[in-house]
Amino acid sequence: MYVGCDIGTGYTKGVLIDQDGKILSSCIIPTNADPRTASKTIIEELLKNSNISQDQIKGWGSTGWGRTYLPVEHEELSLINCIAKGINFLSPSCRTVIDVGAQHSMVILLDEKGQVLEFRQNDRCAAGSGRFIEVISEALRVPLEKVSSLVLNAKEKVNVTSQCAVFAESEVIAHVNDGKPVDAILAGIIDSLARSLAAIAKRLSVIDEVFASGGMAKNSALVKEISRYLGKELHTAQPDPQLVGAIGAALFVKEKS
Amino acid sequence: MIFAGCDVGSLTAKALLMDEKENIIAYEIMNVLPNPVKSAEEIMSRTLKKAELRLEDIDYCISTGYGREKIPFANNNISEISCHGRGAHWVNPAIRTIIDIGGQDLKAIRVDSKGELVDFVMNDKCAAGTGRFLEGIAKTLNVSLSELGPLALKGKNPISIISTCTIFTQFDVMHLIVEGADKADIAAGVAKAMAQRMHKLVRKVGIKKEVAITGGVAKNQGVVKYLQEIIKSEIYQFKDIDPQIMGALGAALFAKEEYMRKR
Amino acid sequence: MKDMPIEWFKRLRTTCAVIETGIKTGATSLQELDIEALLKDADDYTKKIVEMLQPDTVDAALRPKNRNVTLAFVQAYGEYLDFVIDGIQKGKKLVYHYFESIPQVLLSMDMVPVCVETIPVLVAALYKDGCEEEIDTLEAEGFPAHLCSAQKGFLGAYLMNEVPAPDYFLKPSVPCDPSNMLFQYLSKLTGAPYIVFDVPYYTNERAFRYYKEELDDAYQQLVKMSGNSVDEEKLKRHVELTNKQLEYIYKIQELRKHKPCPDPGFHRPMDFALYTIFGFSEKVVDYFRIVYEEAKERVEKGMSIIPEDKQEIRTLWTWAFEGYDLSIYHWMEEEHGATYLACGLTILPEEFVGYIDDHDLDSMLEGLARLTFHYPMSRQVTSFADTWINDFTKIAKSHKADCAIFAGHMACKHGWALNKLLSDAIREEAGIPTLRFEMDVADKRFTPPAEVKKTLSEFFETIRH
Chain A
130 MYVGCDIGTG
140 YTKGVLIDQD
150 GKILSSCIIP
160 TNADPRTASK
170 TIIEELLKNS
180 NISQDQIKGW
190 GSTGWGRTYL
200 PVEHEELSLI
210 NCIAKGINFL
220 SPSCRTVIDV
230 GAQHSMVILL
240 DEKGQVLEFR
250 QNDRCAAGSG
260 RFIEVISEAL
270 RVPLEKVSSL
280 VLNAKEKVNV
290 TSQCAVFAES
300 EVIAHVNDGK
310 PVDAILAGII
320 DSLARSLAAI
330 AKRLSVIDEV
340 FASGGMAKNS
350 ALVKEISRYL
360 GKELHTAQPD
370 PQLVGAIGAA
380 LFVKEKS
Chain B
32 MIFAGCDVGS
42 LTAKALLMDE
52 KENIIAYEIM
62 NVLPNPVKSA
72 EEIMSRTLKK
82 AELRLEDIDY
92 CISTGYGREK
102 IPFANNNISE
112 ISCHGRGAHW
122 VNPAIRTIID
132 IGGQDLKAIR
142 VDSKGELVDF
152 VMNDKCAAGT
162 GRFLEGIAKT
172 LNVSLSELGP
182 LALKGKNPIS
192 IISTCTIFTQ
202 FDVMHLIVEG
212 ADKADIAAGV
222 AKAMAQRMHK
232 LVRKVGIKKE
242 VAITGGVAKN
252 QGVVKYLQEI
262 IKSEIYQFKD
272 IDPQIMGALG
282 AALFAKEEYM
292 RKR
Chain C
15 MKDMPIEWFK
25 RLRTTCAVIE
35 TGIKTGATSL
45 QELDIEALLK
55 DADDYTKKIV
65 EMLQPDTVDA
75 ALRPKNRNVT
85 LAFVQAYGEY
95 LDFVIDGIQK
105 GKKLVYHYFE
115 SIPQVLLSMD
125 MVPVCVETIP
135 VLVAALYKDG
145 CEEEIDTLEA
155 EGFPAHLCSA
165 QKGFLGAYLM
175 NEVPAPDYFL
185 KPSVPCDPSN
195 MLFQYLSKLT
205 GAPYIVFDVP
215 YYTNERAFRY
225 YKEELDDAYQ
235 QLVKMSGNSV
245 DEEKLKRHVE
255 LTNKQLEYIY
265 KIQELRKHKP
275 CPDPGFHRPM
285 DFALYTIFGF
295 SEKVVDYFRI
305 VYEEAKERVE
315 KGMSIIPEDK
325 QEIRTLWTWA
335 FEGYDLSIYH
345 WMEEEHGATY
355 LACGLTILPE
365 EFVGYIDDHD
375 LDSMLEGLAR
385 LTFHYPMSRQ
395 VTSFADTWIN
405 DFTKIAKSHK
415 ADCAIFAGHM
425 ACKHGWALNK
435 LLSDAIREEA
445 GIPTLRFEMD
455 VADKRFTPPA
465 EVKKTLSEFF
475 ETIRH
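Residue numbers (the working numbering), protein chains in the order written: chain A, 130 to 386; chain B, 32 to 294; chain C, 15 to 479.
Treat the hints as calculated values from the structure; they're not laboratory data.
All C-beta atoms, glycine included, are put in the ideal place defined by N, C-alpha and C.
It is possible that some hints are incorrect.
As the list claims (entries may be wrong) - Pair ranges (Cβ atoms, derived):
#1 C:Lys468 to A:Lys309: 37 to 43 Å
#2 B:Ser175 to A:Ser182: 49 to 55 Å
#3 B:Pro181 to C:Met66: 29 to 35 Å
#4 C:His272 to A:Pro368: 46 to 52 Å
#5 C:Gln234 to A:Gln292: 51 to 57 Å
#6 C:Met195 to A:Ala328: 30 to 36 Å
#7 A:Arg165 to C:Lys61: 42 to 48 Å
#8 A:Leu153 to B:Met153: 51 to 57 Å
#9 A:Thr166 to C:Met317: 44 to 50 Å
#10 A:Lys331 to C:Asp230: 31 to 37 Å
#11 C:Lys434 to A:Gln244: 39 to 45 Å
To be verified - In silico PhoX-like links for lysine-lysine, alpha-carbon gap of 20 Å or less:
#12 C:Lys324 to C:Lys467
#13 B:Lys263 to C:Lys62
#14 B:Lys240 to B:Lys263
#15 C:Lys414 to C:Lys271
#16 C:Lys324 to A:Lys385
#17 A:Lys331 to C:Lys434
#18 C:Lys61 to C:Lys142
#19 C:Lys62 to C:Lys142
#20 C:Lys202 to C:Lys107
#21 C:Lys142 to C:Lys24
#22 C:Lys315 to C:Lys265
#23 A:Lys353 to A:Lys284
#24 C:Lys107 to B:Lys231
#25 C:Lys142 to B:Lys263
#26 A:Lys286 to A:Lys309
Could you build the full structure based on these sequences and the hints that come with them?
Next up, the structure:
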């Protein structure tokens, strides 16, 4: 049995797999800027849920921003490699993956074996990441999980011009004061994010099949908009796009042993 | 005679009244209301009250800042860049370079010996290096904005801030706190990062002494300290006047000038 | 003796002496270096210089695989700086020139040639604050941040009285328009005549003939203005040295095909500096001889420059090298097993340059013209993208590169305009990915060393075999 942990700036994700790569247990919790505690909790949850003891685990792989914090002896792996590995396992037809996390977004081109061919990432600016949506939805007092359905059902879209998440927040508050509907404002924000993500992807190359991974891929409104800007179908990694990195990490340690 | 300057920013609104001899009668600073016109009316009302004057007593008023064309009681409006340059130069005619840190922008202004604009550059695309940046960090550190400067000065080992983004930096700070880092060292690191940001911008117009900082952030002694270290020279600090009032002050001076010209 | 502003030359000269002494103490790392003992009898100026040095760079220089070559470099470049300082003080005619130039001819005209591009890069590489103050000084005059730091650094140094005014400025119209314009400012400030020879857009034979005429014309102008003429015997001597230098360079380039690459990347910036004084002296030739002999020995004895437990990642730098943190090349080898095959600032293709026929003045000028026509940086920026692309796809294949790195100097707009064509072609022809990142070759503030390392690390982690 093997465990893969993806310790991100927003969430910490863990999976437990068997020798055939089957997922026995998985867990996602917020990191809360405390990767030590979060990863410790993940380990506890994974073992508890699958009824397995720590010494039965043959290998521990960790990846993501907080990868060094996993409190057991582990192998540290590059997130880019893990995402490619994970998506290749889940969907072997994938050649392009767009991963949107809390504080990064990246586009990876991979071959049929899951080997990374090229990649681009933005981890400088909140406007290209999950935090953008988080900051705005907080300002609008809308729970993050409701954003997608609100946007999908919105009748109109309010244009948001600020490129910066902090300024967009001010702009959004001004729109609210002007009486614009919340769903229209959110639609504008999602549009803004989708457009910039599609632009990064196109600067690289977009080769079918294209998949979305990362926590933000759970937002189907976002996936739909990115797809529209790409002019290609964007699939969402299944069963859970947020687990792709952790799955890749687990697969790597499985391979190495 | 009474001349007025009104400066509505993204975070604060300012107004200043002076007489024909350029004596400052009164000035006030307040947080903005959602509507810039309402902000201008409110700040002007407060300033007039402080001076025991009425709106009708004002002979000429110039407005500047956000929504300046919409201010109903202003006779005219002038860009905040010109107003900041003029105001700072009037306080100290030796000033040639001004770094103005607004709520949501960062400007570097070069003036000549007469206080007229030579060059300027602005960053208004990214919150890093603006008042919002410090505001966010103060919140994360659980201190008020005015406490951030003294806290930064206490920091002996400024922690290197890697992220350039305001939001990411807030996250980094949260993490540093979890890892037990000293808050003063964090505040110092943030002040240093801010100073580096300011330096990067002001380089584009060329740094010529005397250098002054205007806007609320000028009061953050941590930022001043680190900027002085980077440019290897003293920064002129406003002693008897609030650095945040420079825009309104410049506007009032322009008001007097324009009035005299039109007479 | 005139009191000339020669601070930068003096500083570099002292630095070369300090590094030479340090290496000769036998220390193989910064930790081992007994700085106290080294400075015991040193004067205040020397002590000040040692304080300014970048410790990581000194550390890398002392490492066994780099020390002999570094020693040869500081001896060669130190001797050259002595020549420059001496010449300036004696009132010899000082000619500032650009990267692709004919120092051999200038030397045989009894002039003092100084390549303005080299000095700021060396200053940025060696000292903690680099040439940042000089850059800022120039910018305060009204120049923007987005111009080349190497150019700004030199002009700033002039404004800060750290380098003297030249008697002449000799410039090819390459590598870029900004350099052509910017140095005219220096010409205006100093009153020194600005002689330009045009390098045409193409790299074919017709273009070369045109270029040769331009170079001849510039040289004639210099002769007329200065009253100095070429001592043919002296020129022959410098050409001989140039040919010897070329021979070693070609051999080294061949040796780098070997797996693992036997030549440390730390040497490339030193190569760059010595290219600008091609054929200056025996010591310059010695440098290249030692680089070659050490690389050859490694190949023969199966010695590696990367740790045993690392799998080699063979990198091809398709544009510039990062010049403000030279320890990075050593770090790449130790941390990632990443070796440095070639770069756009040091490749010299033998098939185009060959050797210089020294039988008479004409043949020597022709040979030198050919050398400068195909100089690194110059050759790539002229002509259609093909030249640059073909040069690098060729090396990618012949040297079996695992990946390409486009260290994009932010001021080289032509490079950035090409970068997609280049990396696409390299992927198609050689099947390898390219990492692209922006940096400013002589200013660490643009992309700090820690960030460069992070970017490289992330990239190397995705390279597999």
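Here is what the structure says about each hint:
no., hint, in the structure
1, C:Lys468 to A:Lys309: 37 to 43 Å, "holds (41 Å)"
2, B:Ser175 to A:Ser182: 49 to 55 Å, "holds (50 Å)"
3, B:Pro181 to C:Met66: 29 to 35 Å, "holds (34 Å)"
4, C:His272 to A:Pro368: 46 to 52 Å, "holds (49 Å)"
5, C:Gln234 to A:Gln292: 51 to 57 Å, "holds (55 Å)"
6, C:Met195 to A:Ala328: 30 to 36 Å, "holds (33 Å)"
7, A:Arg165 to C:Lys61: 42 to 48 Å, "holds (46 Å)"
8, A:Leu153 to B:Met153: 51 to 57 Å, "holds (56 Å)"
9, A:Thr166 to C:Met317: 44 to 50 Å, "holds (48 Å)"
10, A:Lys331 to C:Asp230: 31 to 37 Å, "violated (50 Å)"
11, C:Lys434 to A:Gln244: 39 to 45 Å, "violated (22 Å)"
12, C:Lys324 to C:Lys467, "holds (17 Å)"
13, B:Lys263 to C:Lys62, "holds (18 Å)"
14, B:Lys240 to B:Lys263, "holds (11 Å)"
15, C:Lys414 to C:Lys271, "holds (7 Å)"
16, C:Lys324 to A:Lys385, "holds (16 Å)"
17, A:Lys331 to C:Lys434, "holds (13 Å)"
18, C:Lys61 to C:Lys142, "holds (15 Å)"
19, C:Lys62 to C:Lys142, "holds (12 Å)"
20, C:Lys202 to C:Lys107, "holds (18 Å)"
21, C:Lys142 to C:Lys24, "holds (17 Å)"
22, C:Lys315 to C:Lys265, "holds (18 Å)"
23, A:Lys353 to A:Lys284, "holds (16 Å)"
24, C:Lys107 to B:Lys231, "violated (39 Å)"
25, C:Lys142 to B:Lys263, "holds (15 Å)"
26, A:Lys286 to A:Lys309, "holds (10 Å)"
Violation of the numbered hints given earlier is confined to hints 10, 11, 24; the remaining hints are satisfied by the structure.
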